[in-house]
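Make a model of the complete structure from these sequences and hints.
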Amino acid sequence: MQRIGVFVCHCGTNIAATVDVKAVAEALGHEPGVVISQDYQYMCSESGQELVKNAIREQKLTGVVICSCSPRMHENTFRKAAASAGLNPYLVEIANIREQCSWIHKEVANATDKAIILGKAAVAKVHLNTPLNSMESPVVKRALVIGGGIAGIQTALDIAEAGFDVDIVEKQPTIGGKMAQIDKTFPTLDCAACILTPKMVEASQNERITIHSFSEVEDVKGFVGNFTVKIRKKARFVDETKCTGCGLCTEKCPMKKVPNEFNLGLDNRSAIYIPFAQAVPKVATIDPNYCMMMKTGKCGVCSKVCSVGAIDYKQQDTIIEQQYGAIVVATGFNPINLDKYDEFAYNQCPDVVTSLELERLMNAAGPNGGTLLRPSDKSHPHTIVFVQCVGSRCDDEKGKPYCSKICCMYTAKHAMLIREKYPDTEVYVFYIDVRTPGKNFDEFYRRAVEQYNVHYIKGMVGKVTPKSDGKIDVQASDLLANEQLHIDADMVVLAAAIEPDKTARPLATMLTTQMDTNDFFTEAHPKLRPVESATAGIFLSGACQGPKDIPETVAQGSAAAAKAIGLLCKNSITCNPCVAHSDELMCNGCSSCEKVCPYGAITYIDKEFRMPDRTTKVRRVASVNPAVCQGCGACTVACPSGAMDLNGFSNSQIMAEVDAICK
Amino acid sequence: MQEAMIKRAKELLADGSVDRVIGWKRGEFAYDMTPAVFTSAEELDSEFIFDDFTSANVSKYLVKETAKEGKILAFLKPCDTYSFNQLIKEHRIDRDKVYVIGIPGGPKLDIEKIKAKGITGILSVKNEDYTLKIETLYGEETMPFSEAILDKCASCKSKKHVVYDELIGEDGDVLDSNRFDMVEKLENMTAQERFDFWRDQLSKCIRCNACRNVCPACTCENCVFDNPKSGIDNKAPADSFEENMFHIIRAFHVAGRCTDCGECSRVCPQHIPLHLLNRKFIKDINELYGEYQAGADTTSRAPLNTYTKDDCEPSIVHERGVE
Numbered sequence: 001m002q003r004i005g006v007f008v009c010h011c012g013t014n015i016a017a018t019v020d021v022k023a024v025a026e027a028l029g030h031e032p033g034v035v036i037s038q039d040y041q042y043m044c045s046e047s048g049q050e051l052v053k054n055a056i057r058e059q060k061l062t063g064v065v066i067c068s069c070s071p072r073m074h075e076n077t078f079r080k081a082a083a084s085a086g087l088n089p090y091l092v093e094i095a096n097i098r099e100q101c102s103w104i105h106k107e108v109a110n111a112t113d114k115a116i117i118l119g120k121a122a123v124a125k126v127h128l129n130t131p132l133n134s135m136e137s138p139v140v141k142r143a144l145v146i147g148g149g150i151a152g153i154q155t156a157l158d159i160a161e162a163g164f165d166v167d168i169v170e171k172q173p174t175i176g177g178k179m180a181q182i183d184k185t186f187p188t189l190d191c192a193a194c195i196l197t198p199k200m201v202e203a204s205q206n207e208r209i210t211i212h213s214f215s216e217v218e219d220v221k222g223f224v225g226n227f228t229v230k231i232r233k234k235a236r237f238v239d240e241t242k243c244t245g246c247g248l249c250t251e252k253c254p255m256k257k258v259p260n261e262f263n264l265g266l267d268n269r270s271a272i273y274i275p276f277a278q279a280v281p282k283v284a285t286i287d288p289n290y291c292m293m294m295k296t297g298k299c300g301v302c303s304k305v306c307s308v309g310a311i312d313y314k315q316q317d318t319i320i321e322q323q324y325g326a327i328v329v330a331t332g333f334n335p336i337n338l339d340k341y342d343e344f345a346y347n348q349c350p351d352v353v354t355s356l357e358l359e360r361l362m363n364a365a366g367p368n369g370g371t372l373l374r375p376s377d378k379s380h381p382h383t384i385v386f387v388q389c390v391g392s393r394c395d396d397e398k399g400k401p402y403c404s405k406i407c408c409m410y411t412a413k414h415a416m417l418i419r420e421k422y423p424d425t426e427v428y429v430f431y432i433d434v435r436t437p438g439k440n441f442d443e444f445y446r447r448a449v450e451q452y453n454v455h456y457i458k459g460m461v462g463k464v465t466p467k468s469d470g471k472i473d474v475q476a477s478d479l480l481a482n483e484q485l486h487i488d489a490d491m492v493v494l495a496a497a498i499e500p501d502k503t504a505r506p507l508a509t510m511l512t513t514q515m516d517t518n519d520f521f522t523e524a525h526p527k528l529r530p531v532e533s534a535t536a537g538i539f540l541s542g543a544c545q546g547p548k549d550i551p552e553t554v555a556q557g558s559a560a561a562a563k564a565i566g567l568l569c570k571n572s573i574t575c576n577p578c579v580a581h582s583d584e585l586m587c588n589g590c591s592s593c594e595k596v597c598p599y600g601a602i603t604y605i606d607k608e609f610r611m612p613d614r615t616t617k618v619r620r621v622a623s624v625n626p627a628v629c630q631g632c633g634a635c636t637v638a639c640p641s642g643a644m645d646l647n648g649f650s651n652s653q654i655m656a657e658v659d660a661i662c663k
Numbered sequence: 001m002q003e004a005m006i007k008r009a010k011e012l013l014a015d016g017s018v019d020r021v022i023g024w025k026r027g028e029f030a031y032d033m034t035p036a037v038f039t040s041a042e043e044l045d046s047e048f049i050f051d052d053f054t055s056a057n058v059s060k061y062l063v064k065e066t067a068k069e070g071k072i073l074a075f076l077k078p079c080d081t082y083s084f085n086q087l088i089k090e091h092r093i094d095r096d097k098v099y100v101i102g103i104p105g106g107p108k109l110d111i112e113k114i115k116a117k118g119i120t121g122i123l124s125v126k127n128e129d130y131t132l133k134i135e136t137l138y139g140e141e142t143m144p145f146s147e148a149i150l151d152k153c154a155s156c157k158s159k160k161h162v163v164y165d166e167l168i169g170e171d172g173d174v175l176d177s178n179r180f181d182m183v184e185k186l187e188n189m190t191a192q193e194r195f196d197f198w199r200d201q202l203s204k205c206i207r208c209n210a211c212r213n214v215c216p217a218c219t220c221e222n223c224v225f226d227n228p229k230s231g232i233d234n235k236a237p238a239d240s241f242e243e244n245m246f247h248i249i250r251a252f253h254v255a256g257r258c259t260d261c262g263e264c265s266r267v268c269p270q271h272i273p274l275h276l277l278n279r280k281f282i283k284d285i286n287e288l289y290g291e292y293q294a295g296a297d298t299t300s301r302a303p304l305n306t307y308t309k310d311d312c313e314p315s316i317v318h319e320r321g322v323e
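Top line first, the protein sequences correspond to chains A and B. If you count the first sequence from 1, position 147 lands on 147 in my numbering, and the numbers rise without skipping. If you count the second sequence from 1, position 125 lands on 125 in my numbering, and the numbers rise without skipping.
Just so you know, not all the hints are guaranteed correct.
To be verified - Pair ranges (Cβ atoms, derived): (1) Lys458/A to His318/B: 42 to 50 Å; (2) Gln192/B to Gln323/A: 26 to 34 Å; (3) Asp239/B to Asn337/A: 53 to 61 Å; (4) Leu128/A to Lys117/B: 53 to 61 Å; (5) Gln59/A to Ile206/B: 49 to 57 Å.
As the list claims (entries may be wrong) - Taking lysine-lysine and the DSS-like style, the derived pairs with C-alpha atoms no more than 25 Å apart in a straight line are: (6) Lys595/A to Lys309/B; (7) Lys309/B to Lys607/A; (8) Lys97/B to Lys617/A; (9) Lys71/B to Lys617/A; (10) Lys71/B to Lys607/A; (11) Lys595/A to Lys89/B; (12) Lys280/B to Lys595/A; (13) Lys400/A to Lys309/B; (14) Lys663/A to Lys229/B; (15) Lys64/B to Lys607/A; (16) Lys340/A to Lys282/A; (17) Lys400/A to Lys527/A; (18) Lys617/A to Lys64/B; (19) Lys607/A to Lys68/B; (20) Lys171/A to Lys233/A; (21) Lys282/A to Lys184/A; (22) Lys617/A to Lys283/B; (23) Lys283/B to Lys595/A; (24) Lys309/B to Lys171/A; (25) Lys233/A to Lys7/B.
Hints in this document: simulated from the structure, not taken from any laboratory. Only a predicted model underlies this, so the values are computations on that prediction, with no experimental measurement involved. No residue lacks a Cβ here, since even glycine has one placed at the ideal position from N, Cα and C.
So, in structure tokens, the structure goes:
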């Protein structure tokens, strides 16, 4: 006979304000098998847990139902409490009457009814719960960092520093990411390259760090502590181990009209190229879309001039398979595409540029050697207009609903740098709000206004029209003066919103991690677990989780590293005993479950069965490896005969819950 | 055709290539052709039949037959080869134990359509130049062949054999069939009209299980409807709607695996168009995940148990269901 205890939590007023907790305890006390039903103000507190433990001991409970917050919050707390009182922790069920009830309903009567129903479902389930025991699984002491920008570099350096091997996968030919393209950094105006490139070199020289540049993650299998990742090393047609990065091939290459991605297409590069002088690894890459040898079979100059024979036109993509204990995602961001913003004439006029393009135009290693010139006629611009929030804080389809966070500060930086270097240039900034929370940020912005006389105008630019004399007419409204303005500008700079890199979504699918509607990775808890994803063993670093500036990115990179190190330090982790198993007498051996298993936990064996007529029959049946199974339950749904079932979430338990709700 | 098949079957039996032959023999009536296993030349000569009524799909029988010792010769029509392939894919048939001879498909005849003309006491049906000469107890009747063909043959999806060891006769092509026309009609109904249509149809069900027993996708060792642990076996329905759920559950169970062989509707004694449930699934799969024909091969991954990054989001599937 079951002896079930029900414990209803008030959660202060979180639950008790909308749910009549006494009525819930009273109603559930009459459910079959329930011998004790109590309510308490904070069930998760020390004394609340004591209440549960004492009841288990005194009432000799065989099952416990806690009506409280989400099991993601405190299931473990109550399982531990039950275990310490001598009850198998898997005989505890949580009825979520907070997130799924009190927080989303307003009327006490309805919320109370629903809380009772949720409680009844949990009671019905706990009747069928069976004791389960956990196993241990080993942790592979190696981490993978996806993305080689400043976030990924920082994470990798910190993990390596702690003594663990770490691999960086970067899809570009070099690590460095967006920071490598930036000229100066706010609020100190030190040069980005001067602080980034030493870190890049440090990463490449650290013997615990392996950099897979020009590579992408192809496939991820496994689970926390034991991921198996396939990495596609794309053919760069240059042998990385031989190339010395001397750059002779890039000088001699006759095909020099390839838009240079690193300078955002503002100048050209050769078909064989090294993205920039401080690239890591400093290895050439052939662009097969432009290389004449690859396209027509005629040329081969690079191969002839290469003194170490590193050129290999026949190189193929290779797949590396590696085991990892932890994975850190650091896929970063990109400015949004401005094709839809016709009003700013971005596609019509070369002198309308994005802020990132301006970084390159002002950079000493950029297309103009650091002198700010108009892209159209290489003349010195005398009037520059900055437009803030292009696609940020936007409520239409074109843009993003969020604030891109970094634009206010980098625009102040750009304005200040221009005024410093070219005092004859007038700079206008059109803004909705200027947002400068951060250490020394507001001081920085005020310097731009007060010391450098940058014209900050509250209002949006309505239309940008290139004129025949080469000037650009900027039509805008000044909201404070309540007047329409026309500014004859030489250049217009658009602070384009930033969005997560496009590779993030397919990656999230591979990693079974969650994303928000804007494709930023979702953290496990917005306040308390900001660098972990909800999937165990997957951590988040940098702008892939949300817009961030460099100091925040670095801080989060180190935080993600700390979490990964915490995992890698363990020799083994406790496995979830809620794993699948197959009823061999019912299994057809059809392979449906094997096909849907994301962890490769299911294999097939030919097994001999004794039939009712005393003959034997050999049948193909599924067999689950419990150490590999993560209990996702996909197999139980795919199984046509119902042979596959999940410990702790069996078909009959779930049907019992549904029946209890529908009764 | 029948002679050629018997001749070849006898040869293969004689040289020891196969131990048994699965084909069709006459049942109680002249139009009542039922799958049968033959083990000798004599049996073949006296009982083996292949005519306009041998429409039964023999693929499912091979699950049990290949579990036995020895090799069996199976004569498969084009539609049967799809079911055969699907069962190979699900590891239900041991391919090494079957010798497949592809034979021409239909159109086959539907005795119900002949009876619907008021023709009773049927003794034999002969096709003479696409006119049926029907000998009855009360004299001879005639009707056009085209008016008596099985529904499943009228919307034939393929004359191509997707698997065979040898062919008797010619192989055909995959056809551009009109098989989704009725599904479209149902889709265009309002939810209430559609509900009424299915309630009307499914309420005729007498739960004889013929559809399940004939279905080549229903080969579970222990069907959920017979499994005491499933909680639904022998359960007295709470209301008439719950009884209707049998077919809906079955359609879900075979979704993505049903080759649209049409046997469920053919054998239904109550003439419920059960194949429409399956076709709705097939049409949805085609539209949401790209064209897919279950049983067309033995290697491709079925859309419903494959996950690709291009799969449509569940919200799209959900929105389609909203009226």
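Going through the hints against the structure:
1. Lys458/A to His318/B: 42 to 50 Å: Given about 43 Å between the Cβ atoms, the range holds.
2. Gln192/B to Gln323/A: 26 to 34 Å: violated, 56 Å
3. Asp239/B to Asn337/A: 53 to 61 Å: holds, 56 Å
4. Leu128/A to Lys117/B: 53 to 61 Å: holds, 57 Å
5. Gln59/A to Ile206/B: 49 to 57 Å: Holds, since glutamine 59/A and isoleucine 206/B (Cβ atoms, about 52 Å apart) stay within the stated range.
6. Lys595/A to Lys309/B: Holds, at about 15 Å.
7. Lys309/B to Lys607/A: Roughly 36 Å between the alpha carbons, so the hint for lysine 309/B and lysine 607/A is violated.
8. Lys97/B to Lys617/A: holds, 16 Å
9. Lys71/B to Lys617/A: holds, 17 Å
10. Lys71/B to Lys607/A: Within the cut-off at roughly 22 Å; holds.
11. Lys595/A to Lys89/B: holds, 12 Å
12. Lys280/B to Lys595/A: Status holds; Cα separation ~24 Å.
13. Lys400/A to Lys309/B: OK: lysine 400/A and lysine 309/B at ~24 Å, within 25 Å.
14. Lys663/A to Lys229/B: holds, 20 Å
15. Lys64/B to Lys607/A: With a Cα-Cα distance of about 17 Å, the restraint between lysine 64/B and lysine 607/A holds, given a limit of 25 Å.
16. Lys340/A to Lys282/A: It is violated: about 37 Å lies between the C-alpha atoms, which goes past 25 Å.
17. Lys400/A to Lys527/A: holds, 23 Å
18. Lys617/A to Lys64/B: Measuring from Cα to Cα gives roughly 11 Å; hence the hint holds.
19. Lys607/A to Lys68/B: Measuring from Cα to Cα gives roughly 16 Å; hence the hint holds.
20. Lys171/A to Lys233/A: Given pair lysine 171/A, lysine 233/A holds - Cα atoms ~9 Å apart, limit 25 Å.
21. Lys282/A to Lys184/A: With Cα atoms ~23 Å apart, lysine 282/A and lysine 184/A stay inside 25 Å; holds.
22. Lys617/A to Lys283/B: Violated, at roughly 38 Å.
23. Lys283/B to Lys595/A: Holds. Lysine 283/B to lysine 595/A sits at ~22 Å (cutoff 25 Å).
24. Lys309/B to Lys171/A: holds, 19 Å
25. Lys233/A to Lys7/B: Outside the cut-off at roughly 60 Å; violated.
In terms of the numbered hints stated before, the structure departs from hints 2, 7, 16, 22, 25, listed from lowest to highest.
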